[in-house]
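**Q** Chains as they are written, first to last, in my numbering: chain A, 357 to 566; chain B, 357 to 566; chain C, 357 to 566; chain D, 357 to 566.
Calculated from the structure, these hints are not laboratory results. Honestly, I wouldn't trust all of these hints.
Heads up, the list lumps identical chains together, so a pair's fine if it works in one copy or across two of them.
As the list claims (entries may be wrong) - Below are the EDC-like pairs computed for lysine to aspartate or glutamate, each with C-alpha atoms no more than 20 angstroms apart in a straight line: (1) K480 to E470; (2) K561 to E391; (3) K406 to D531; (4) K495 to E477; (5) K549 to E477; (6) K561 to E477.
The structure displayed is predicted, hence computed values, not measured ones.
There are 4 protein chains.
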Amino acid sequence: MKIIEPSVELWAITPNAEQLIERAGRVAWQSEPKEGADATEKFIRMIMGKNHGSVLEHASATLSFIMDRGVSHETVRHRVGISFTQESTRYVSYDKGKHGSQITVVRPPMTNVEEVDAWDEGVKAAEESYMRMIAAGSKPQIARSVLPTCTKTQIVVSANFRAWIHFFGLRCAPDAHPQMQQVAKMALKILWKECPAVFGPALAKWCPEE
Amino acid sequence: MKIIEPSVELWAITPNAEQLIERAGRVAWQSEPKEGADATEKFIRMIMGKNHGSVLEHASATLSFIMDRGVSHETVRHRVGISFTQESTRYVSYDKGKHGSQITVVRPPMTNVEEVDAWDEGVKAAEESYMRMIAAGSKPQIARSVLPTCTKTQIVVSANFRAWIHFFGLRCAPDAHPQMQQVAKMALKILWKECPAVFGPALAKWCPEE
Amino acid sequence: MKIIEPSVELWAITPNAEQLIERAGRVAWQSEPKEGADATEKFIRMIMGKNHGSVLEHASATLSFIMDRGVSHETVRHRVGISFTQESTRYVSYDKGKHGSQITVVRPPMTNVEEVDAWDEGVKAAEESYMRMIAAGSKPQIARSVLPTCTKTQIVVSANFRAWIHFFGLRCAPDAHPQMQQVAKMALKILWKECPAVFGPALAKWCPEE
Amino acid sequence: MKIIEPSVELWAITPNAEQLIERAGRVAWQSEPKEGADATEKFIRMIMGKNHGSVLEHASATLSFIMDRGVSHETVRHRVGISFTQESTRYVSYDKGKHGSQITVVRPPMTNVEEVDAWDEGVKAAEESYMRMIAAGSKPQIARSVLPTCTKTQIVVSANFRAWIHFFGLRCAPDAHPQMQQVAKMALKILWKECPAVFGPALAKWCPEE
């Protein structure tokens, strides 16, 4: 059993995304770009203030998440302007190769020793059952039946900027699962560094310490 | 530990769905309904043959599935014309009330005693760990970390007829998970009884024995 | 040239829609329905207050709109949980049959005689050009090139309740096109009569005089 | 009155799009990239052959179309994985500025002089009515009521590659409007030059002469 920490990595983003958003947005009014260093930023603020979020759909970004499989299922519930490719427990067999006959899991936040012991024993028993089932002839898609919810998964998420903002609004909020908030905020910080005008308001709201 | 069988139940369907589809479809050409007992059926066959599937979006149906939680995640991957409400492992606590301090699971298809024994032990150990974590103070959303993939879930799915046909095309196919095929075919048979003109071709393809 | 008024008609709605929404919503928490005459209404208000709008997606309604074709293009911009079938200017030929060699149009709100005269002449000239093109051998899909934006269209719209609420939020608002507001409010009043708990807040906001 | 030809221009595309698609696709199986110059191309062909189109959603492209406004309405009917910003006839006023008190239109394919004469007169009359209405005090959103269907529009379309392929499948087909086929094929040729592995099959099908 291998225990890992969640992580998030940027894989792709629309080049000059904020300029593209301005250029597309001006088509509606057939207006010309303004001069000045911060003209694009002002235009984006104006658009976002007026709730014309559809213009933000012209730019997009792809992030790869390593996280708890159960928590990832909140991720895939998003349906608009967002796309996923996820590690398959049907086709990946954890008994061999680089997996080294062990499952990889994410430990949830726990506060006392009894919780940790119980969790530890449950996950080890699951690993043992999985390996015994595979040895007895089960295919991975049947043996996964005993894999715990906290099994590590990798999920690649591509979404347009409007969909990312919607995602952060739900997944960074205090009533989201604590492990969801954790990875969602990692993602928000990454995108904010790339496009501060677009993701600044979300960062100010959800990560005020930054 | 309680082991159950998957099941599917019809909760709602558009009244006179096939007539509504014909009525809506004729708006495109501003044509008048034909007379005759099977005119609606003929119109629907013509529409489906011409790949004008968008007209099928005017009718919809709601089904409730009791199934394996892991398998249910193939269900929620559908994103267009389909909506879900699912039993929450964050808010439902299996240690009390009607749950009787036990988890409910769906047994996958297995072929030998060793597989079944390994599965059985893994699931029992998971149940024990879950109950110990809750007793030690874990909230359900943390303790669910050890719940097995085969935990029973209930999921209510509403979709328009075009989305249901798309769903059956992917989920009744031989390369879908065997437990997915099982519940998808249950659902198809239910909808075919209600609207044979719309779901007849899917039934003929995926359940030729009917 | 025939001038008509816009209109909206209910074609279908989920039976016992509010009960279905409650039943589906309770699946998330695995809770039991409360007794009492207004229990469903209270549940729906609670759900909507908590922004759990996804449960509203289980019910849907189909409305037929007769309206200005240009304005209808704001309608078809909605993309989520909503479906359309629209009268085709490619396949309907206005030179014959029940159309009686005339086009049907919707007059926009105008305030002086000069506007009305100019509009009238433009529309009549368009009608004459269309009929001449058809007579000279143009197919309807080419002759429609001269049809005015105000040509009457019929559009059948099916949407789930969450999508309808989103639709009213954009299309009943003061910055929507005046002719859009007109038909959107007609639609809202129709749905509110059917499901007052779901559409009451939108009605109170957009049609406070009701 | 100004008559223009339709055109299509590339505004943005995911950098190294085909490599990104391969990288994301391998996450499902947790497999490693193969060596060799055409490994990516082979992977993409394999994915497309197996109908695993969802992996193509990780890359996207933005194109700007100048086209007939009526025809553009077939464009905006696409709802999945695609986003639009379009020149607004509500907010753009064609009586002034760079528009020079004239409307810009796209001439449809016509075959005889009588058709062309009728079209010409209709469009000129529409232009005159529009300018008279504006002069009499109409706002653009009211005066547009008389604008012809063939009024020029600019529309910026961003879509992921799967959505573009779906778009070409419908809009390059022989039963699409002739003016739609024209711009859809321009768009297909542009994207094919950028990503030949992804768009090759569509080009071979819809533009076999290339």
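**Q** Determine for every hint whether it applies to the structure shown.
**A** Quick rundown of the hints versus the structure:
no., hint, result
1, K480 to E470, "both (15 angstroms within a copy, 18 angstroms between copies)"
2, K561 to E391, "neither (30 angstroms within a copy, 40 angstroms between copies)"
3, K406 to D531, "between (27 angstroms within a copy, 11 angstroms between copies)"
4, K495 to E477, "between (24 angstroms within a copy, 18 angstroms between copies)"
5, K549 to E477, "neither (41 angstroms within a copy, 48 angstroms between copies)"
6, K561 to E477, "neither (39 angstroms within a copy, 46 angstroms between copies)"
Checked against the numbered hints given earlier, the structure breaks hints 2, 5, 6 and satisfies all the rest.
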